[in-house]
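Q: Chains as they are written, first to last, in full-length UniProt numbering: chain P, 1 to 439; chain G, 1 to 271.
Hints are computed from structural coordinates only; laboratory data are not their basis.
The reader is advised that the hints may include incorrect statements.
[What the hints assert, rightly or not] Which residues of chain G face chain P? A partial, calculated answer using Cβ under 8 Å:
no.	residue
1	V81
2	G83
3	I97
4	R103
5	M108
6	F116
7	E187
[Unchecked claim] Which stretches of chain G does chain P cover? Using the computed rule of at least three CB atoms under 8 Å from a CB of chain P, they are:
no.	region
8	125-134
9	174-181
Just so you know, even glycine gets a beta-carbon here, dropped at the ideal spot from N, CA and C.
Each chain is listed here by its residues.
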Amino acid sequence: MSQVVTPTATVPGARTPRRDIGLKKRYAAERRFRAYGIAALSFGLIFLFVLLWSVVSKGYTAFQQTGVTLAVEFSEKIIDPQNQRASNPQVLLTANYPVLARNALANALGVAQNDRAKQKELGQMLSDGVRSQLRDMVVADPSIIGKTKTVTLLAAGDIDSAFKGQINLSVPQENRKVSDQQVGWMNKLAEAGALAKHFNTGIFFNGASSRPEAAGVGVALIGSFYMMLIVLVLSLPIGVAASIYLEEFAPKNRFTDLIEVNINNLAAVPSIVYGLLGLAVFINFMGLPRSASLVGGFVLTLMTLPTIIIATRAALKAVPPSIRAAALGLGASKMQTIFHHVLPLAMPGILTGTIIGLAHALGETAPLLLIGMVAFVANFPTTPMDPSTALPVQIYMWANEAERAFVERTSGAIIILLLFLIVMNVGAILLRRRFERRW
Amino acid sequence: MNMMTEAAVEKALDQRMNDLSYKMIGKDVSVYYGEKRALFDVNLNVRQNTVTALIGPSGCGKSTFLRTLNRMNDTIDNCRVTGRITLDGDDIYDPSIDVVELRARVGMVFQKPNPFPKSIYENISYGPRIHGLARSKADMDQIVEASLQRAGLWNEVKDRLQESGTGLSGGQQQRLCIARAIAVSPEVILMDEPCSALDPIATAKVEELIHELRSNYTIVIVTHSMQQAARVSQRTAMFHLGQLVEENDTDKMFTNPDDQRTQDYIMGRFG
Ligand SMILES: Nc1ncnc2c1ncn2[C@@H]1O[C@H](COP(=O)(O)OP(=O)(O)OP(=O)(O)O)[C@@H](O)[C@H]1O
Ligand SMILES: [Mg+2]
């Protein structure tokens with residue numbers, strides 16, 4: 001309006017003395033507030049750094065594995081003494097391969113064949129995994145029988161630990177896992193260049209094993225991957241659909257209020273309760289297999305849904321009403337308005353919520369323990385119905401192992417879990433960028 | 001009008017319902033927001049190819065009335081409309097009327113420019129696309145160009161049709177919104193304070209545009225600026241406290257209004 005009457009308080013030109021409004025105090029308060037903020041931030045950063053440091057410093061050695069490179073003679077006398085392999089392939093599977101490896105080691109160190117005690121100690125220096133390693137070589141190519149090949153064999157977990165300097169060698173021999181004799185051999189082999197550390201691919205690809213040197217998170221990785229896939233595929237559409245319905249279509253009444261309160265409550269329910277629910281519903285009632293990543297995925301989906309619904313509703317609410325009005329005013333239907341305009345604008349928020357929910361689910365252990373995913377699974381799950389474990393559960397299991405070599409592997413698995421998380425988050429950020437750039 | 005008897009008013013209105021010089025006719029329109037009544041039996045007719053200005057103090061129900069004309073009130077929870085509103089003689093609140101189609105015929109421009117956060121091209125093409133107005137890409141290009149031409153924006157944006165509509169200046173955004181409304185070839189365009197967020201130059205451009213649009217469209221505009229109402233409209237309706245005080249030729253309204261309250265409002269004595 002043109003004729004707006006202004007209040008008559010200020011007369012131009014008249015200098016009224018200024019009231020003291022405490023400007024100094026205000027600035028001081030602001031400075032204090034900033035200091036608090038910076039202090040809180042540094043506090044958080046320090047803890048993050050300490051956490052990362054402790055995990056990485058303990059765990060990086062898990063990505064190296066001690067191996068012994070030896071000339072192994074695939075002696076026919078040991079593998080197939082009666083020469084039956086043409087008629088009975090079974091002999092190749094059951095042959096005494098560790099002896100081949102032990103003999104190779106004895107050769108390298110010049111230990112006599114008939115020194116039983118020393119031979120036994122020698123055998124303990126190599127991993128049990130050499131059995132399958134050599135067997136696989138022979139089965140793949142039986143013609144190597146009778147020949148001598150240079151093979152890098154896995155050292156036993158204790159030798160691995162000792163070689164990495166993780167075993168205190170100053171304590172008396174009886175109180176530690178490696179004998180002085182073995183340490184002597186180890187050093188000799190290392191000098192000769194036969195014993196060396198290699199990159200540990202096994203930790204990524206192997207399944208569970210009671211021998212730390214042969215144990216890996218392969219099964220757990222696959223299990224976690226399946227579960228994340230199931231959680232994503234189920235909870236994102238269900239959660240988004242539920243939020244859209246609740247936010248845009250549902251009438252606002254007591255009943256929907258009740259639903260809203262309950263969804264918020266569900267987000268705060270301890271995760272182990274979801275595990276119990278999954279046990280009761282999916283395993284006992286629906287008869288799905290135990291330890292299966294399918295069930296794990298279902299349970300984690302239930303757990304993630306409230307998070308996604310809450311985030312999605314907040315994102316939908318944040319879309320300016322003027323955009324809806326613009327679309328509706330053009331004659332777009334409610335559906336069109338939501339799917340053409342509101343949802344794309346809410347997408348970054350929805351993705352953020354989803355990734356938080358997924359990250360949460362990825363690190364969840366308690367509910368998985370209840371549905372039997374805390375199992376010793378050595379075989380790779382091919383479908384989500386097969387038994388498997390999950391990364392955090394694997395970490396939990398390794399943390400309970402006694403061997404020194406499992407300590408570093410526990411931290412190593414944590415590093416892998418963190419990497420998994422980082423990959424997921426980066427993926428989400430890239431996706432969000434794409435959506436944001438479109439607008 | 002106050003002199004007439006109920007029956008006479010009734011009869012006159014019924015006659016008008018069939019009068020084609022009236023594009024839209026509102027009869028006894030009342031609007032309730034929950035318990036609160038925002039409009040009291042408003043009888044207001046909108047003439048074909050005329051700019052009708054709605055004026056009145058803040059909160060008197062101008063926007064509310066405007067929104068009843070394309071049923072944007074439907075989107076507000078607990079909003080209830082009674083009475084009869086016709087478009088070319090058809091009751092727009094009749095269940096047989098499709099609100100999507102209605103809004104394609106009665107477009108709206110809002111107080112705050114609200115382009116979609118998409119490209120300028122997509123802003124214009126969205127309406128024609130959902131209403132199936134373009135058969136081909138070339139068709140669509142043509143609609144986009146024509147709409148922008150009409151809204152007087154073409155020369156300013158023709159080189160950056162793929163840039164975001166939100167990157168335009170406020171005045172350009174508002175003209176983009178007008179172009180967007182025009183693109184679906186509406187018969188009536190409702191404008192709720194379209195210039196309130198614009199500077200005088202942009203306002204002048206929009207007013208000029210309204211002037212040109214008048215030959216093809218029927219326009220209802222809410223404005224707080226008496227000068228603007230006087231400049232762009234041929235008919236003016238004055239609302240006060242949810243009631244229609246007076247509806248008259250704009251010239252008469254601003255020189256010699258029938259109602260004292262109109263006089264007071266126009267003279268700036270309240271509002
Ligand atoms: N969504 C709503 N819910 C409840 N009451 C509303 C709503 N919208 C408007 N009202 C009320 O209806 C009355 C008329 O409002 P309206 O927006 O039509 O006024 P207006 O004349 O457009 O005012 P202004 O010039 O300030 O825009 C006001 O008392 C207002 O408080
Ligand atoms: Mg208004």
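Q: Any of the earlier hints contradicted here, and which numbers?
A: 1, 2, 3 and 7
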